[in-house]
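Undergrad: The lines below spell out each chain.
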Amino acid sequence: MKSLKNIFQEKKNLLSIFFTAGYPNLNDTTAIISELSKNNVDFIEVGLPYSDPLADGPTIQDSSQVALQNGMNLDIVFDQLKSIKETNTTPLVLMGYLNQLIKYGEDKFCEACVACGIETVILPDLPMIEYENHYQQLFKKYGLTNVFLITPHTSEERIRKIDTFTEAFIYVVASSSITGAKGEISNQQIDYFERIKSMNLKSNLIIGFGISDAKTFNTACSYASGAIIGSAFIKHLSKHGTDNIAQFIDPLKS
Amino acid sequence: MTENKNMKSKFQPTTEGYYGQFGGAFIPELLYPNVKELEDNYLQILESSAFQEEYKDLLQHYVGRPSPLYLAKRLSEKYGATIYLKREDLNHTGAHKVNNTIGQILVAKHLGKTKIIAETGAGQHGVATATVCALMNLECVVFMGETDIKRQAPNVARMKMLGVKVVPATSGSKTLKDATNEAIRYWIQHPETYYLIGSVVGPHPYPDMVARLQAVISEEMKVQLKAQTGNENPDTIIACVGGGSNAAGAFYHYLDDENVELIAVEAAGLGVHSGESAATSQLGEVGVIHGSKTILMQDEYGQITEPYSISAGLDYPGVGPLHAFLHETKRAQFMNATDKEALDAAFELTQLEGIIPALETAHALAVLPKMSLKKDQVVVINLSGRGDKDLETYINHLED
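Note that the protein sequences, when read in sequence, are chains A and B. What the first sequence shows, in our numbering, is residues 1 to 254, in sequence order. What the second sequence shows, in our numbering, is residues 1 to 400, in sequence order.
Next comes chain B alone, as it looks inside the complex:
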């Protein structure tokens, strides 16, 4: 939120929402008035003092920010580097998602909206949306793939307790992509609703708005690193990418600092070329999904491929347009981790540091063994979420 308006960064979108060739607003005319209303107002709202005051107050007193930057000594020792964990898992509701939902619910209120819709994959965004809707006394409907409803039962229960209607998406692979389709269709039919998108995806201005709201992660990192290491820049930042909101937030204030290595980790599922994967940067090609031009997994006729990952938050066939641009320009290095590597990394962190990470986050941890690290290399891993919701998967893995 401290973006310098005079800074002409190539990593900021154009007025039409483009990062290089990626982005834009590829929406049916039916959605044009909604998206236009948001586009015309979002910057003014985000930069207003009324918004800033309320947003910062809620982040501090309700979410519990700033989230700690923790030097993981045993993990550092194991990998021969200086590894810090940015503890987004300690936020209220257990992940970085709430940074965005707090911000967008305030935007929705400023626009006079009274009904909220959202999509969710792992359920973290659904829970974070349900939470802020309870807080603001707003009606909320969350769309979630039928497959994800089964594999993320604790989050479904939380949403229901928070008073939200959870609508199963039954088309396609019944996961995040399909939940997003259903949310968009509902939005078309109910243009009075506010669509609270959970990642840096969707038509402009969503990718930019969500990135700005998640940017608090790297804003804090700068201050915390300065205090702990004497230098506000780390050598390397690692974050997992499904749509890419936690990575966008962790990278945001370092995008123009080319000395800071940025690593985005995608889910390789059973292996990048196994046919059961969600490693979009490796398998995707340019196209349009959910209102933006980006790279996405598709067949030779442009039919969008069903992605696969053990992690419900990462099995998305696209990636936000900013990330497509970071990949194309090689500003960020894209790595990936399989289901098994992620599971192993989750157990390793738990046993070394006493922190059970979310399965999504475990993918970011899983690239450590693949990197050649130096002892004084300062690495920040964005610990985007906690693993309570994944206990069933973890227990099954223990029994295997």
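Bound-form chain A, shown alone:
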């Protein structure tokens, strides 16, 4: 697996795709990753399905519920990811909720990430203060790095602090909404992207939430290193399964 850090140096307009592990079927994880890689997706976010995903909209919530009903759990997803460690070259990022890590065992969770070749995690309910007090050291021990989210309401002071903690990228939440909300990119959002861009942060920026098609993806890319598409891809999977992934990715890459 390539290192995420190198990807940022090599390329612009990075396309990242989010999917929920165990959706639509328990054993689709490796096939989805393989298809996304074949179609030149630059990095992949693997969602760990959670019973109470507070930061996710209805589409990802539903996919999580289905994945859990399918029997997905952390042991299975780590086994699946381990099985493709040698063959998959596209960087993977794990996205889950803090309670999953706490219950699984903080060290055990980190060890499993390392065993799968994963170096980046996104835990949307891990606050900065808890990171500073505890998790920064834990992750450092395993060579893991955490991605922080910023929103239009995050203060400049706070963004600067997040910038100092960031090794992979800053996740720029496109609007103060949960994932999958409808709508195009508004002038207000563009003002926000420009404000962040003009801060000349050292970190790479990736825009997510509300990115659903070529148009929103391209707009996002003009203000950041790339963008993440989640809900729109989950919707595609629920309609077409894992067979026609190229059909979803091709228009984004043109």
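Hints are computed from structural coordinates only; laboratory data are not their basis. Some clues are possibly wrong.
Below are the SDA-like pairs computed for lysine to any residue, each with C-alpha atoms no more than 20 Å apart in a straight line [said to hold, decoys possible]:
id, chain 1, residue 1, chain 2, residue 2
1, A, 202, A, 142
2, A, 5, A, 27
3, A, 12, A, 31
4, B, 36, A, 158
5, B, 36, A, 156
6, B, 36, A, 132
7, B, 36, A, 128
8, A, 161, B, 36
9, A, 108, B, 115
10, A, 161, B, 16
11, B, 174, A, 66
12, B, 36, A, 130
13, B, 36, A, 202
14, A, 202, A, 249
15, B, 113, A, 243
16, A, 215, A, 249
17, A, 108, B, 299
18, B, 73, B, 174
19, B, 73, B, 375
20, A, 82, A, 142
21, B, 36, A, 83
22, A, 141, A, 129
23, A, 85, A, 132
Assemble the complex: chain A is given as a structure, and chain B must be docked to it using the hints.
TA: Chain B only, in chain A's frame:
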């Protein structure tokens, strides 16, 4: 509200909202500005004379406080103890919940908020929120699990009459946990709203703020016990715990007085180990739920378990961080009561004292037969709510 600022109690949270290892503010960045605004302002607002005057005036003239402390003679005789009932059921809207909503609506006004959201389980907090929003002419949306909407129809009707939009939560077990998830998601999307949380749960500063607003219960108890028994301390205080706001209020001014025995009663549903229970302290482990670190019911992979209780106000898979700390430090004893025990206790109180308690409250009453009590032992049971909303369940039980 009479907390002594110089008192360094281990039961008061740290500036980061921790009671021992429990508490904190585990929130997505999207909610940080809202929670930070509240954290920066809540103590100053609660301690301001403008707030205190209005809060106390409304509690007296609108809610009907102080609520009576009633010596339940026949109940005392039956259990061989001196049992007092703190009559929160006599508050306007029928439960302790209004102490908190009156306080928080004033906090929201001080912060300049015009739209209120809330979650509700049994509907008592929803009604109490709808009531203060009508009083203050503020727009209000209440999230309630679809299951609870069905089993607490009278409270849904009251909320609607009060002009509130009731939004059904259709995920998970469609109860309190899911209603709270939906309220938080709505809050993320509408950061201009004020989230009026109904219990001592959620990210810091909510657990502390709600405990302070419910502390009026034990503040009054001290004065009333002094007048009636000559001693402001009882031997034992019993309260039911879902999230734990009525218990937090009844315990608050006694937390540092280790001579006062504190008993928290959870809902055991069909039995603690039946798989259909909400006895968090018995079944839970450390984790994060709704923005705070506490004990919660979860599986081996950290997926939050669907709790069960006949009582819509107690079937919550977590417990407030203060209660997790009281449990861990053994400052409070955690007991539990099954659906059946609670139903029996509700009928017993009704027939002995002419008081129909809420199903939640009935759990607190249900531990009396399990305790070894002494005749001169002064026991206060926090009678957190009245049973009007549970009549359908009670009638069905009568017919069984």
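Undergrad: Now tell me if each hint is right for this structure.
TA: Outcome of the hint check:
At most 20 Å may separate the alpha-carbon atoms for a hinted pair to count; residue 202 (chain A) and residue 142 (chain A) exceed this at roughly 23 Å. Restraint check: the Cα-Cα separation between residue 5 (chain A) and residue 27 (chain A) comes to about 29 Å, which exceeds 20 Å; the hinted pair is violated. For the proposed pair residue 12 (chain A) and residue 31 (chain A), the alpha carbon gap of about 26 Å is over 20 Å, so the pair is violated. Straight-line distance between C-alpha atoms of residue 36 (chain B) and residue 158 (chain A) comes to about 12 Å, which keeps the hinted pair within the 20 Å bound.
Between residue 36 (chain B) and residue 156 (chain A) the CA atoms are separated by roughly 15 Å; this keeps the pair inside 20 Å, and the hint holds. Only pairs whose Cα atoms come within 20 Å are accepted, and residue 36 (chain B) paired with residue 132 (chain A) is accepted, the gap being roughly 17 Å. Of the pairs offered as hints, the one joining residue 36 (chain B) and residue 128 (chain A) holds, with about 13 Å between alpha carbons and a cut-off of 20 Å not exceeded. Proposed proximity of residue 161 (chain A) and residue 36 (chain B) is supported: the alpha carbons are some 16 Å apart, at most 20 Å.
A threshold of 20 Å between alpha carbons decides the hint, and for residue 108 (chain A) with residue 115 (chain B) the separation of about 44 Å lies outside it, so the pair is violated. The straight-line distance between the Cα atoms of residue 161 (chain A) and residue 16 (chain B) is roughly 18 Å, inside the 20 Å bound, and the hint therefore holds. For the proposed pair residue 174 (chain B) and residue 66 (chain A), the alpha carbon gap of about 16 Å is at most 20 Å, so the pair holds. The suggested pairing of residue 36 (chain B) with residue 130 (chain A) holds, with an alpha-carbon distance near 15 Å, which does not exceed 20 Å.
Proposed proximity of residue 36 (chain B) and residue 202 (chain A) is contradicted: the alpha carbons are some 26 Å apart, above 20 Å. As the CA atoms of residue 202 (chain A) and residue 249 (chain A) are separated by approximately 29 Å, the hinted pair breaks the 20 Å bound. A C-alpha spacing of about 49 Å is found between residue 113 (chain B) and residue 243 (chain A), which places the hinted pair above 20 Å, so the restraint is violated. Distance hint between residue 215 (chain A) and residue 249 (chain A) is fulfilled; the C-alpha atoms sit about 13 Å from each other, no more than 20 Å.
A hinted pair counts as satisfied when its Cα atoms are at most 20 Å apart, and residue 108 (chain A) with residue 299 (chain B) qualifies at roughly 16 Å. Distance hint between residue 73 (chain B) and residue 174 (chain B) is unfulfilled; the C-alpha atoms sit about 40 Å from each other, more than 20 Å. Among the hinted pairs, residue 73 (chain B) with residue 375 (chain B) is consistent with the structure: their alpha-carbon atoms are about 12 Å apart, no more than 20 Å. This hinted pair checks out: residue 82 (chain A) and residue 142 (chain A) have alpha carbons roughly 17 Å apart, not beyond 20 Å.
For the given pair, residue 36 (chain B) sits about 43 Å from residue 83 (chain A) by alpha-carbon distance, which is inconsistent with the 20 Å threshold. Taking the CA atoms of residue 141 (chain A) and residue 129 (chain A), the gap is near 18 Å; set against the 20 Å cutoff, the hint holds. Between residue 85 (chain A) and residue 132 (chain A) the CA atoms are separated by roughly 30 Å; this puts the pair beyond 20 Å, and the hint is violated.
The structure does not agree with the numbered hints 1, 2, 3, 9, 13, 14, 15, 18, 21 and 23 stated previously, though it agrees with the rest.
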